[in-house]
Amino acid sequence: MAGADLLHAVEGLAGDRPEAVAQYHPVGRGRYEAVTYHRLREGFDYYAAALARAGVVPGMRACLMVPPGPDLTAVMGALTRLGAVPVLIDPGLAPAAVRSALAETRPQAFIGVAKAHVARLLLGWGRGTVRLPLLVGAGPAFLGAPLRRLRGTTGISGPSGNAEGREAPGLVAFTSGSTGPPKPASYNPGNLMAQFRMAGHMAGLPPGTVALSTLPPFSLAGSAMGLSMVVPDMNFLRPASADPAVLAGEICRFDVAAVFASPVVLERLSAYCAQHSRLLKPVRTVLSGGASLAPRTAEKLLACLPAQARLLSCYGATESMPISVLGHHDLLGDARCGSRRGWGSCVGVPLPDNNVRIIRIANGPIAEWDYSLLVAPGEIGEITVAGPGTSSAYDGQPQNTALAKIRDGKQIVHRMGDAGRFDEQGRLWFCGRVSQRVRTAHGEVFTEQAEAVANTVPGVRRCGLVGTGPAGTQLPVLCVETERRLRGAQRRKAVTDTLALMQGIPHLAGIKQVLFHPGLPVDIRHNSKINHPALAVWAARKIRG
Amino acid sequence: MPTRVGKLPDYPFTSRWFSDSAGTRHYLDEGPRDAPPVLMLHGNPTWSYFWRHLVIGLRERYRCVVPDMAGMGLSSRTAEPFTVGGFQARADRIEALVTHLTVKHQAPERGWTVVVHDWSGPVGLRWASWHAERIARIIVCNTVAFPWPEGHRLYWGLKFIHASALAAWISYRHNLFALGITHQGVTSRMPRQVRAAYLAPYRRRSDRRAIEKFVRAIPRKAGDMGWETLHELGRDLTALRNKPTLLCWGMQDPVFNDQVLDGWMRRLPHAQVRLFPHAGHLLLDDVPHQVTNDVLAFLAVTAASAAGAGAS
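Here the protein sequences come in this chain order: G and H.
Take the first sequence: its position 479, counted from the start at 1, is 479 in the working numbering, and no numbers get skipped.
Take the second sequence: its position 115, counted from the start at 1, is 115 in the working numbering, and no numbers get skipped.
Here chain H stands alone, though its shape is the one from the complex (with noise of 0.2 Å):
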């Protein structure tokens, strides 16, 4: 059964369900339908509601698409297994989503703009690079979808988990990541509502398995289960190279930092940077009009190409 919350702080959505053979997933679809739809995708242990700010901005002009991940947010908890052929399921749910959304919903089938945060980056961008025809514009705020950068040390509070399993599971049992993410990930004070809502969806232990996981399945080097993965989809992101493309990135996190961000920039040129030099990791809690500002200006400016990559 898919986790029940109550009355959440800047939520006021819609729920929407999509049933398939791996489980009930929520979603949201907000705006116009005929609008041009924005496909927003959360990380771990984050879920639709960090995208909240930018779904009330963008909703009068976009179609606003956020779904929950399998085994995180809404979604009902019968998780993929963390192996390559589950990353590679979770590209295929998401273009489930879309073609259900096509199919049903009329949602275009081309003129996509994606926007990826935390792992939904590598996963996101697997699907966007393999359905380039559907993607107008990519959008990447905070994350990594190729192999870290030399030298890159991770963050200790995340090494812990990922190296131990005992400290894994008493992250479980405490639900400590989801909770440190909510004083780590933001540089200005987090209100205790949106904290509450944040971990809302994460409330019963048997909610939460999948929060652990996805720490544990980060690939860190050589022969780790991912770390081809993260090869492949570094040179995928050359498939990418002609969508206009914005960075948004919030400079005060401890895990995708300058080197990760230099990564993006030498691999994507043409993108258009955005930094946010007194944001965290998760920025829309710390700058949501900066940043929504900001997307709204990128979707202005490149609306005719996007137009253009739609239609042809």
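The shape of chain G in the complex, shown without the other chains (with noise of 0.2 Å):
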């Protein structure tokens, strides 16, 4: 089972180090609760039994929308000893994808926190399929059945489940939608535990060591791997809006060594940092991860770190993570003569347990892997990846599967549905979507490959490529959102530096309409990743009238 993974490294863990801090979490009025592995034991079987009573039987699905948190990992672990299958979403989507990503999957349970279940009856999300709303912390009776109620008041611990040898999947996590609607992508025995593996490979961090995450899924891998995690005091529904004062205040006041989040988070945390000339002297490590992280953003962000720390920018999907990771050496320095040559963004070198192999780009579904599949090396293709953090199918949708998976002998290859190419130093670059790409009559143009070089150009502040008309004579029309400050000659000033960048790039020089976008539309969960769909149709609108 994969959450299996999570439960049995902290039982072990608690069985080595009980005391030792696994999670410091927010209790309201900037009090902080400290939870050892110990306690994080005792929280498994406090939810086993509870669970266990509510009825949760092996093979179950549970969707979980709790916060980050000691409850969090308590309930996944409950439920992994009960043989159950946790369903993660994440709850800042779109409530309408919520609803349906949750027709699809039909959980039994939906375990909770009051808001949740709020949302729930409100939006009408599991209708007709939960039939066990349960409730974690505080809330009226009627959102759903109290665990706390549930497990009475005696100490008996729970039942020790044997769910070994099940058909089920360990876990099902909806990917964030961010790249079109969010699937359900089932882990395997071991993917999650290789994921964790992987990440602490690539991070570098002996058991012990303080962290503080903005990420859900690195909190929870975090007390797999033996950190101290902090849980910051924010919303996790909109880590975009999390207040970087109360941030870097934390990582003062626990002396965190390594922080994971997202690119909007740092972006804020750096800004924050530069204008109150603050060093957020204990950290070492930084790891991005969520969306690419832009050079000029690691640039503010090391300028308020001590010179010794390290930023590390990773690359990967709810399917398979992480990829690759790329540190900050090569981040502002080749990598940005990459971009600036109309490369893509640099995601870095492959982790040694993946096997990343480009291929050529496809539309329908391939069944089997086969070599001829394979670019030429340095061409531009769709991006692959398989290893043992790779998930091998969408959970109830064999359609989506076979469109996503690769059958290679006994391993399962995930195509990203991400254009990229490598370099001779065999360096991954990202290209963009492949669905996305730009077809125009004198060839493809890559969406990421454009907006990089754009981005380099002082007054953008992001951009989008999108292309208008029918595919393969397709107009490329770069959507252009300006600092706030930007006034008409800057402005003017800004379009034609770009459209000069784009016409030295042989493979860009097609590009030649910009138009201004007063805010271009962003994904929820990271504010970053541009919403191309939506800006093409209204690119063509725009053009058109």
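None of these hints come from the bench; they were simulated from the model.
None of these values were measured; they are calculated from a predicted model.
Idealized CB from N, CA, C, for every residue including glycine.
One or more hints might be untrue.
[Said to hold, decoys possible] Heads up, incomplete: computed chain G residues facing chain H, CB under 10 Å, no partners named:
| hint | residue |
| --- | --- |
| 1 | 53 |
| 2 | 59 |
| 3 | 131 |
| 4 | 134 |
| 5 | 135 |
| 6 | 137 |
| 7 | 138 |
| 8 | 140 |
| 9 | 141 |
| 10 | 146 |
| 11 | 495 |
With the hints as a guide, dock the two chains, each given alone in a separate frame, to form the complex.
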């Protein structure tokens, strides 16, 4: 079972170092509570007993909407112990997306905090399938059965489930939906632990390191790796609005040596530190994940970190995490030059366990792996990954599975849907989504290649490349959102600079049309991935009108 | 004469009768003759109708024996007096029925599973603890068989009837307690026909003498008749500690609340616990399928140990 990895890891740690702090979590009014590994293991017993009494049985799917913290870790572990399948959905998705996701997975149990249950009732999440609404923490009983009450007051330990050898997936995690409708990636035995191990290997953090994560998956991974995780006092539904002052305060207060965060949070944090001339003294490692880290953000962030700190940008997807990692020396040196030359964004060297290969772009499903699928070295194609942390299927979606997976003997190869290429040094370059490439009469233009160029122009805040017209004769249109203070002449200068850069790059010379956009549509989660389909509709209307 | 009722929803069973010196008893005996027997004992003011969903779910694989208590359901109205002796007599009546079935109807002497609810908890478990050799498994639903926990407060509706003879008489006159249970005992809406079925044996005033007497016989404090019996019962439960036990509990029960549940969990720490957070006192009316499935699963899992107990 995938979740068993988390369970066993924490149980092992609780045996070795029971008094080590697993998590510091906010309890309101600026106070934090330290939870030891021993307490975390007790949490498994606590919730396993309550869940069993509530009727959670092996193989049952249980949607989990609990913010990161000891409760989330404990409920995950308890579900695994009972042999149930945790279903993780990002509640920050659009309500309609959550509803359709729940309608597909058909979870019978819904475990959440009061707020999640209110949303469930109001928005009709899981209506008709959820028959076990279970409440974590306090709240009125009509929202769900309070697990606290189900456990009773007697100190009886929960059942020791044996769920080995079952066919059900260990865990179902929905993709964030920033690249299309959310899809349920099902994790096999070992998937999750492999991901944790790779993340640990990548970050190189010894057990006992204090770490802070604004990314929920890393919070769980941290507990499995023996780190002391600080749960930041923030709204995990809107990570983009996390208060940098609070984060900086937490980092200094707990001597946080490692920070896991998405680029948008890091950007806010670095802006705050620059403004208040604060140095994040204890930090040794910063790991950015969720979206690609812009060199500009990296520069600003390094300015507020001590000299010996490392900054790592990690590339991956819900289906396979992490795939590759890029250090800040590369990011700010060579990689930036490549971006200026229209190569896209460098995402670094694949991690040793991952087998990353580039295949020719194809629209339909590919059943069997074949070496004739590979592109010539250095050419752009679709990025595929096979490794121990790669999910092998979408839960209950054979069609999507067929479109995204290739069978290669015993291994499953995952097609990322991202276009990319390898350079001579074996670094992977991300060039944009395959489905969002612009197909002009003179060849294909990949979005990230053009956007990475334009993003280096002073005055350009962010931009998105879309095509208008029928595929094959599309007109590439660059939609630019400028920095807010920019006016008339400066704006025009930004455009002419951008276009001049484009003309200097052969494969981007076809871009001649620029539109100003007041605020580009972006994903809610990371507040940085451009919503290209929506932008294309906008651009088409603008051009026609 | 036994009470007669017409056709009832979800009650497609054959009524059987068993007479002894104290009157005629109604009972159901469904399922294969050679299957493991399950004895389901109802509470007050329900009757064998309460177990209908469970019987339908179990009768393919288990022999379901469901008697109506003396003075209740379709049994004759010659009820025992509400004294300690009367209480004992009720437990003996169960033994009489079981003996009758083993002698006349090929029921096994051992390997019985006993299911209790409400008032049948004290009575049924008294019988079970005194005939522990017969018992293979125990299933306990919303009941009590030990002194009320410290600080337990009786539900106001019950307290009224319990404390005041006048209230008891009014309740008796208008069948208020039975009517109240069909409203307060469930969290879902009870269909009209089902409510009518629950009340059917108690339509005539003379048919419902036992109901209020049962309520008034609830021992609440030291000195109450039956208080000592509850203490004894609590001690006797230790005799049942080696029996596989399932605790099914509707958590929206104002009388058998979390405190009582807690008492069960402490007294039967080996019990498998299944809680129904949204079910009321009549949990089989609120969540019939879940309870049935859980009981089936429990019976299947414990089949081996039950067979062992039956053989030894």
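Status of the hints after comparison with the structure:
1. Because the smallest distance between the Cβ of residue 53 of chain G and any Cβ of chain H comes to about 4 Å, under 10 Å, the interface hint for this residue holds.
2. The beta carbon of residue 59 of chain G is not positioned within 10 Å of any beta carbon in chain H (closest approach about 13 Å), and the interface hint is therefore violated.
3. Because the closest C-beta pair between residue 131 of chain G and chain H is about 8 Å apart, less than 10 Å, the hint holds.
4. With 10 Å as the threshold, the beta carbon of residue 134 of chain G comes within range of chain H, its nearest partner Cβ sitting at about 8 Å, so the hint holds.
5. Evaluation of the residue 135 of chain G hint against chain H yields a held restraint, the C-beta minimum of about 9 Å falling below 10 Å.
6. The restraint placing residue 137 of chain G at the interface with chain H is violated, with a minimum CB-CB distance near 15 Å, outside the 10 Å limit.
7. Using the Cβ-Cβ criterion of 10 Å, the hint placing residue 138 of chain G at the interface with chain H is not satisfied: the shortest such distance is roughly 15 Å.
8. Contact between residue 140 of chain G and chain H, as hinted, is not supported at the beta carbon level, the nearest pair being about 12 Å apart and thus beyond 10 Å.
9. Taking 10 Å as the C-beta cut-off, the interface hint given for residue 141 of chain G holds, the closest approach to chain H being about 7 Å.
10. A distance limit of 10 Å between C-beta atoms decides the matter here; for residue 146 of chain G the minimum to chain H is near 8 Å, and the interface restraint holds.
11. Nearest Cβ of chain H to the Cβ of residue 495 of chain G: about 62 Å, over the 10 Å cut. The hint is violated.
Violation of the numbered hints given earlier is confined to hints 2, 6, 7, 8, 11; the remaining hints are satisfied by the structure.
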